[in-house]
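A.B. asks: Chains as they are written, first to last, in the working numbering: chain W, 1 to 645; chain Z, 1001 to 1514; chain L, 2001 to 2108.
Bear in mind the hints are in silico, worked out from the structure with no lab data behind them.
Do not take every clue at face value.
[To be verified] With a straight-line Cα cutoff of 27 Å, these simulated DSS-like cross-link-like pairs (lysine-lysine) come out: (1) W:Lys166 <-> W:Lys370; (2) W:Lys552 <-> W:Lys447; (3) Z:Lys1441 <-> W:Lys116; (4) W:Lys77 <-> Z:Lys1485; (5) W:Lys166 <-> Z:Lys1366; (6) W:Lys587 <-> Z:Lys1306.
[Claimed, not checked] Cβ-to-Cβ under 8 Å is the rule here; a few derived chain Z residues that face chain W: (7) Gly1372; (8) Trp1431; (9) Ile1481.
Quantities reported herein were computed from a predicted structural model and do not represent experimental measurements.
Beta carbons: idealized from backbone N, C-alpha and C, even for Gly.
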Amino acid sequence: MNHSLLMAILLLSPFVGFLINGARYRKNGPNLAGWLATTAIAISFICSILLVADLIGMPAESRRIAVSFFDWIVIDKLKVAAGFVVDPISAIMILVITGVGTLIHMFSIGYMHHDKGVAKYFAYLNLFVFNMLILVLGDSLLTMFVGWEGVGLCSYLLIGFWFTDKDKAAAGMKAFITNRIGDAAFLLGMFILFMTYGTLNFFDLNQLAPTVPEASWLGAATLGTLMLFIGATGKSAQIPLYVWLPDAMAGPTPVSALIHAATMVTAGVYMIVRLNAMFIAAPNTLMIIAVIGAATAVMAASIGMTQWDIKKVLAYSTVSQLGYMFLAAGVGAFGVAMFHLMTHAFFKALMFLGSGSVIHAMHEEQDIRKMGALKKYMPITHITFFFGWLAIIGMPPFAGFFSKDEILWKAMTSPLGHPLLWAAGVLGAVMTAFYMTRLMALTFWGKSRVPKEVHPHESPALMTIPLIVLGLLSIVGGWLGINHAISSILPGHPANVLEHWLGPVLREPSLDGVHHSVTMEWALMGVSVGLAALSAFVAYHFYVRSPETPKKIAESLGPVYRLISKKYLVDELYFGVIINPLIAFSKNLWHHVDVQVIDKTTYLLADLMKGGGSVVRTLQTGNMQQYAMYIGLGLVAVLSFVLMR
Amino acid sequence: MLLTTIVFLPVLFALLVTLWPREKSLRHLALGLSLIEFIVSLVILRDFSAATPALQFVEKHMWIERFGIQYFLGIDGISLWLVILTTFLTPVVILGSWTSIEKRVRGFHAALFLLQTAMLGTFLALDAVFFYVFWELSLIPMYFMVGIWGGARRIYATVKFFIFTMFGSLLMLVAIIYMMYLTQEGLGQMSASLLDFYQLKIPFVAGTLLSLQTLLFFAFALAFAIKVPIFPLHTWLPDAHVEAPTPGSVILAGVMLKMGTYGFLRWVIPLFPEAAEHWAWLMLLLGVIGIVYGALVAMVQPDVKKLVAYSSVSHMGYIMLGMFVFNSYGVTGGLYQMLNHGISTGALFLLIGMIYERTHSREISKYGGLAGVLPVFTIFFFIITMSSIAVPLTNGFVGEFLILMGTYQAHPWYAVVAVTGVILGAAYMLWMFKRVFFGEKGQLIMEADHPLHDLNAREIAVLVPLVILVFWMGLLPNHFIDYSKASIEHLVNNRTNYSLPLPGQTPAAPTEAQ
Amino acid sequence: MPSTDVINQIGLSHYLVLSAALFTMGFLGVLMRRNVLVMMMCIELMLNAVNLTFIAFSKFSGRIDGQIMVFFVMTIAAAEAAVGLAIIVSIFKRYREVNIRFFEHLKG
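In isolation and in its complexed conformation, chain W is listed as follows (with noise of 0.2 Å):
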């Protein structure tokens, strides 16, 4: 089929799905909407697998499926136009956002069955996708940032879904606002490239991008890079934008697993990965987001330690797993921060469906401390939950050993790349291993804490097949990238597909005259996943056999676990330093500025003409004689000065 048209209906079937339910929103009952929103983003993945297909026909240096709609900004030297492409980077996302995007859908279809606005929550989530994939395949910052923004509107929308709670339409309301922060900075990273390159399009910036990367703090790119990446923290959830995340908990579950761990949030990554070869003009940058990738991995690990929600807990995961793709993008490994996004979309996915189908059953209770045992109610959630949990901390051989292992060898080995980054990524990791360790064990091992009038029972088919789906994902999406260490002990030596799909396309800092031996690749295998598995062992010791032991750690530790538990007090430091304070200066200007100064000013001024008045109209004293005198001394006055001159 031509390729327009399969670009025309993968973009616009999630946008009419959007339409119809939106205007029947009243009208259409679950099942309807539903299954017509499942079926418009089951058009765009198979629209989207087609045209992957056409892609891999192409040869490797030049697969790029091009299609342009028509002009949407021309003004001067800025032509922008709907321009989408589909490439090896635009292809992996995606294949993710349509392929999840169906499962998710699917799920949602059993999940919000009893809820009253299914209708308009379908609309929303179609329209999610179409923005999603107008952020992905767009062909230039500008049309990304469509996307980029209409992703965050949509996001709004769901989080604040049920929006007769105050504290979800709050939720809502702050993640629009904090990605907005980031937007303002992705609008000067945007003009800084312009005018620097004079073009907004990925490749012609890939291909003007300077070749000797720059020294300078202040050059170009590192500053419009730099920008950029400000927009992707708010958008990506990393540090200082992340706080909106934990709270968009608020939204729908299946929201949780579409937008906030699967696509929107990955967004970030996405767009360093496109614009990789100015990324890697910038190594100031990439410094940055390395660091700032591996703060955000710690810190949000070590609070998801502490949180009892679990939802709560996934979202703190979701940020520190985040982290490791800004991790694997800051040490210039962008084919490996793709990977990464990938297996992230499987397992993370995966799990919000899981914690889902779990609250489903436990009837909208989300404290891990009143669950636990739910393994012999839920045996399916159960074991693919076990599959994602086996992903998310690094055990061979599932999907996230082979990304996470990937991105914590280039922290250490590649030339931007540092030990102590590689030691913030085990630690890390072994962070993760222990919360969702601890995660499991609450949940669905150990002694039942369900309170007696709750029956929890397994979900419908409707929400467990997505949930298998994604658990046989969770194990092979990783076999998509394996290593050359592991590849060259295995039968038949499989080949890294995703690095021969990726590497033409990417600018990749060069690694000739670094050499590692295999051993330390072993090696370095081999403590992190020691590391983690011993740390999933004392979790589960901790909160399977002895659950009095963490409480006696935590009262231990004391002012620290409170402070941690109470996320660093972050979301009180912001309110504390920047919206309050704000919102009563603003208060003063208006008071004061406004009604004190300005509108003083011009009173005073009134009241002078006022002060005038009253002076010159004691001359009016009505005596019409008096009058006449004035009359006649004026004109002695006059006649005098004529006469005397």
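Based on the hints, put chains Z and L in the right spot on chain W.
C.D. replies: Coordinates of chains Z and L only, in the frame set by chain W:
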């Protein structure tokens, strides 16, 4: 004759409305008449040639020969869309005020039509005195509109509005008269024609306030700045908006504020290029302060209408920024933002009017949970909110993006400050949206003695054209910008030596970038 | 003849002095008299003083303009008297009083 028709047809309409014998069909008549006017403006659009920066449909007759004052109308890419915005908003406003204006219906529509003439005349007149007549004329119907159909403190608001704007205008009048004398000295014959004004080389000395061009620049700029309004001359605006009836607010925000920004583009920048360039920093600074200040103050307003009024201050700051960076991104963005603001803020005022008719309150804290009660209203309000905070694919984004980009090209630091407006804009609008539409049902909705009805067909008919424009302008901005491109390029490239060719003439100066 | 001689000796300045005297009397009357009717009469006196000046100039410069002007002034005076008297009559009807001191309603 087309321009004379479009300018003076509403006067005829006003007469017709006053003389119409049947009170009942008055609104229908007014709506029909305003639609006729809109169609006439579309004829202009159809016949307009986008390829040239020259004036089109020119009508030029001597009016007062002794002073060289002419009856001089003409249109180009800069005024075209503002004219159409005016003729478009009038029927919308008439339909929107169907039930909200209850007393003196006849007078209201007559005033509206008179106002339309004044606004169109302001955009189309190319003779200084002629322009000034329309400029001042626009005050009178507005004065009555706020003073008769306004809210509780309407008299205070009208007087404030009138005195603020009048004050600026008088200085402009002095400047116009002075410039007429200059034409006599410079060109040998007194003239008030803008084209003759353009030819004047007014002496400019940098670094002193007392240089002739600087003084004239400030005399004109003050008049326009009050109208725009830019900080710190904005305090009349929130009061006027809060007290004005809905249609008055819509016209005031939608069109009358644009008279100020248009004045900068048509008069100030090309007439006093050196002074404009030299003092651009001041205008940019005030623009940026306006953006941030307006947004911050809007954030803490307890009254929805006042919030939107302050958001206008913020948005108009963007337009000032765009115009005074003197590059085609900024100026195009500024012009585009004028239209955007007319549509989205106009729509916001209409929406606020609709809810006010139902609850008789604009207090944000008394609302809450409206989304569950009035879903259709909520959808419309949300779309317009998105347009107001410039989400891509709505009209607001194109304008704001171009302005910020133009600003960045010329003065990066101003752009860095202005970009915070993007954040604050989202903050005040969404916070308001949250408090009004989300959460539990508020006091007003609980206590309403009768259930609130969602939008009726008429109200939807009012809003749909606006929503269509929001997306049309956001998705296909070139449909609109293309008409103005030639004029804007001409202005940007020949700023220091500006002239507007009459039809048939080629531009005097070669249009090369400097 | 001595009698005509006297008349011939009357020059422009005599007329002017006379009219100035008349004018001053009229003006003082307007300023000092309280009765509105009398004030009106004083105004007439002033007008006629001016008329005298006009005629004097006309005669001594041998031009006709001044006399034409006098007709104008007389017409105006007549109109003024008509309007003024009407006002006075209506004031009197309303207040039963023609003293100017009672009519200070336009005080600032």
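A.B. asks: Each hint: holds or not?
C.D. replies: Status of each hint after checking the structure:
Our distance criterion of 27 Å between C-alpha atoms is met by Lys166 (chain W) and Lys370 (chain W), whose separation comes to about 25 Å. Of the pairs offered as hints, the one joining Lys552 (chain W) and Lys447 (chain W) holds, with about 19 Å between alpha carbons and a cut-off of 27 Å not exceeded. This hinted pair checks out: Lys1441 (chain Z) and Lys116 (chain W) have alpha carbons roughly 18 Å apart, not beyond 27 Å. A threshold of 27 Å between alpha carbons decides the hint, and for Lys77 (chain W) with Lys1485 (chain Z) the separation of about 13 Å falls inside it, so the pair holds.
Simply put, Lys166 (chain W) and Lys1366 (chain Z) have alpha-carbon atoms about 15 Å apart, close enough for the 27 Å limit, and the pair holds. Using a Cα cut-off of 27 Å, the hinted pair Lys587 (chain W) and Lys1306 (chain Z) holds, with the two alpha carbons roughly 14 Å apart. Given hint, Gly1372 (chain Z) at the interface with chain W, holds; its Cβ is 6 Å from that chain's nearest Cβ, closer than 8 Å. Satisfaction of the interface hint for Trp1431 (chain Z) is found here, the shortest Cβ-Cβ separation to chain W being roughly 7 Å, below the 8 Å cut-off.
Interface restraint check for Ile1481 (chain Z): the shortest CB-CB distance to chain W comes to about 7 Å, inside 8 Å, so the restraint holds.
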